[in-house]
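Visitor: From first to last, the protein sequence lines stand for chains R and S.
1 is the number of the first residue of the first sequence in my numbering; add one for each residue after it.
1 is the number of the first residue of the second sequence in my numbering; add one for each residue after it.
Treat the hints as calculated values from the structure; they're not laboratory data.
Don't take each hint at face value.
[What the hints assert, rightly or not] Only some residues are given here: those of chain R computed to face chain S with a beta carbon under 7 angstroms:
# : residue
1 : Y15
2 : G18
3 : K84
4 : M88
5 : N94
6 : H98
7 : L102
8 : Q111
9 : L229
[Said to hold, decoys possible] Here are the computed distance ranges between Cβ atoms for each label pair:
#  : chain 1 : residue 1 : chain 2 : residue 2 : range
10 : S       : S71       : R       : M125      : 55 to 63 angstroms
11 : S       : H332      : R       : S41       : 43 to 51 angstroms
12 : S       : K169      : R       : Y15       : 52 to 60 angstroms
13 : S       : N96       : R       : P40       : 46 to 54 angstroms
The structure presented is a predicted model; accordingly, all values stated were derived computationally and were not measured.
The beta-carbon is built from N, C-alpha and C at its ideal position, and this holds for glycine as well.
One-letter residues, chain by chain:
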Amino acid sequence: MDHIAVRTKKLSKSYTQGLYALDDISIQVDHGKVLVVMGPSGSGKSTLIRTFNGLEPFDEGEVNVLGIQIDSTYDERKIRKIRKRVGMVFQQFNLFPHLSILENITLAPIQVQKRRPIEAEEHAMHLLSQMGIATHSSKYPSQLSGGEQQRVAIARALALKPELLLFDEPTSALDPERVNEVLDVMRRLAKQGMTMVVVTHEVAFAKEVADQVLFMDAGKVIETSTPDLFFSNAQHERSRRFLNQIEKK
Amino acid sequence: MPNKIIKSGLKLLENNIRDLFSNLLSLILRLCIISAIGLTFFYIFQWLAITANWKVVSSNVPLFAFGSFPSDQRWRPSLWIISLLFLSIFTLIGPNRKWLRRILPFAWISTIPIGIYLLSGGLGLLPVASRDWGGLSLTILLTGCSFLLSLPLGILLALGRQSKLLVIKHLSSLYIDSMRAVPLIAVLFFGQLLIPLFLPLGVEVDRVWRAVLAFTLFVSAYISEDIRGGLQAIPNTQIEAAETLGLNQFQITFFVLIPQALRIALPALANQAIGLFQNTSLMAILGLVELLGVGRSLLANPEFIGRYIEVYIWLASVYWLFCTFMAILARHIEQRMAIDKPNLVP
Chain R
1 MDHIAVRTKK LSKSYTQGLY ALDDISIQVD HGKVLVVMGP SGSGKSTLIR
51 TFNGLEPFDE GEVNVLGIQI DSTYDERKIR KIRKRVGMVF QQFNLFPHLS
101 ILENITLAPI QVQKRRPIEA EEHAMHLLSQ MGIATHSSKY PSQLSGGEQQ
151 RVAIARALAL KPELLLFDEP TSALDPERVN EVLDVMRRLA KQGMTMVVVT
201 HEVAFAKEVA DQVLFMDAGK VIETSTPDLF FSNAQHERSR RFLNQIEKK
Chain S
1 MPNKIIKSGL KLLENNIRDL FSNLLSLILR LCIISAIGLT FFYIFQWLAI
51 TANWKVVSSN VPLFAFGSFP SDQRWRPSLW IISLLFLSIF TLIGPNRKWL
101 RRILPFAWIS TIPIGIYLLS GGLGLLPVAS RDWGGLSLTI LLTGCSFLLS
151 LPLGILLALG RQSKLLVIKH LSSLYIDSMR AVPLIAVLFF GQLLIPLFLP
201 LGVEVDRVWR AVLAFTLFVS AYISEDIRGG LQAIPNTQIE AAETLGLNQF
251 QITFFVLIPQ ALRIALPALA NQAIGLFQNT SLMAILGLVE LLGVGRSLLA
301 NPEFIGRYIE VYIWLASVYW LFCTFMAILA RHIEQRMAID KPNLVP
């Protein structure tokens, strides 16, 4: 049990009767591992990882994140406990536009973890220089490029020293030439042993970093396997069709 | 063939005549308009410079500024108004130091208690009763106090209207809707005439503070709607991002929602402030001798009888000057605070 970071059991959610966003999903991610979730749009990838930190309530089954178990009753106390230990990076960055880069990163450490402002700022500057954007610390989000904003968003998530990081299509809103500066940061995090669940369409990244690839369609898990196996010899016909589609692009 | 030439010749002639007449017509029109404008300006200038007797204004400038404030204590409201002026200019220049920018809002807020202290006295200053407050200093005090008090009340009402607790939600809505359904003058009458009746015996609220209370109750309803608009313009993803960071409901509201809502609502809030500044003149008919009140009392003075136009033109210019100044200040702050614009040079 101790080695499991995330486990879901028979997780289901439907918006309208009979139309499942998540359909009986049971998966497991171990500590220090990287799970890449792939699938066509509308397949429930984002919905799945948003259930991990309570952004998305669900109807049936259970989710266990870092030993904290939540079910369909949406226990806010437990969810807040999870959120304090799980970081999340969004497709649209979702930085706070009225706060400077430094304030974006230090807000939660100071307010939630009650760390001393000086200490939080030092940690934030350390993270920013790791991301290669320390010079931007007093700028505002709108003054940064998409790739820089996404790196700030990663730094903001890391500032809380999370045990698990969730990435919801982190490079989908970026210019193609900006994608790698974000992926490089994520590669480094994976090397450092960070537990990550990443929704992405970046095949090269998945091949290189993932320990496990999960393929979803219409709310169901179609296939789970190692990246080597998945990208060379996908078992399921639906997965092969999807891979063909994204290779054409 | 010749027929064709004649035809085209005739057409040319016709066009020329038409052009000539339209030119002539527009020429005449232009002359008329120019001479009308010229004459208007001439008469206005003639009236302003020659016919008008500005003694009613020039000999009463202190009265317009301070009302019947004791003359040996007039440095107090003067000091206050001058410091407000300096603070405005300072804000317009836009200090570059970050800590200076940080304290600017607090400096603005502190002008109100400082103003109250300077006007009312006590603590080492000679106390001056509020019935002696007046003129421009009273107008500014009414505007400043009412706006400063209605801003937090407006924020609370806006949050209340969006509350998940049905009682709070409906009470806020009821308050906002009923305040907006009542004319301001009725609320002011209520404040001046009815509040004393409701208060227990022996408790007396000063006339100026009753007016501030009435303005606050009225304006906060409008401000809350402006802020609600700001709150609704914030994308839901901002709340999600804040929740993900583990911030609780109060922290999300205080650090993420309100600062953004205020920035979005800033143009509308400036509008309310300017409207409030003008609306304080309604207190002239309810017995406060603010800027308009001074004008009215001067016109009742036999020495200046019939000098309506001079007094009202003077008052209109003072109101115009201050409102324009407020608008410029607001636009400046708006540009500086705007979200999603590379506005602040680090």
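Visitor: Next, verify each hint and record whether it holds.
Guide: Okay, the hints, checked on the actual structure:
no. : hint                               : verdict
1   : Y15                                : violated (17 angstroms)
2   : G18                                : violated (27 angstroms)
3   : K84                                : holds (4 angstroms)
4   : M88                                : holds (4 angstroms)
5   : N94                                : holds (4 angstroms)
6   : H98                                : holds (5 angstroms)
7   : L102                               : violated (10 angstroms)
8   : Q111                               : holds (5 angstroms)
9   : L229                               : violated (33 angstroms)
10  : S:S71 x R:M125: 55 to 63 angstroms : holds (59 angstroms)
11  : S:H332 x R:S41: 43 to 51 angstroms : holds (45 angstroms)
12  : S:K169 x R:Y15: 52 to 60 angstroms : violated (26 angstroms)
13  : S:N96 x R:P40: 46 to 54 angstroms  : holds (51 angstroms)
In summary, the structure is inconsistent with hints 1, 2, 7, 9, 12 from the numbered list given earlier, while agreeing with the others.
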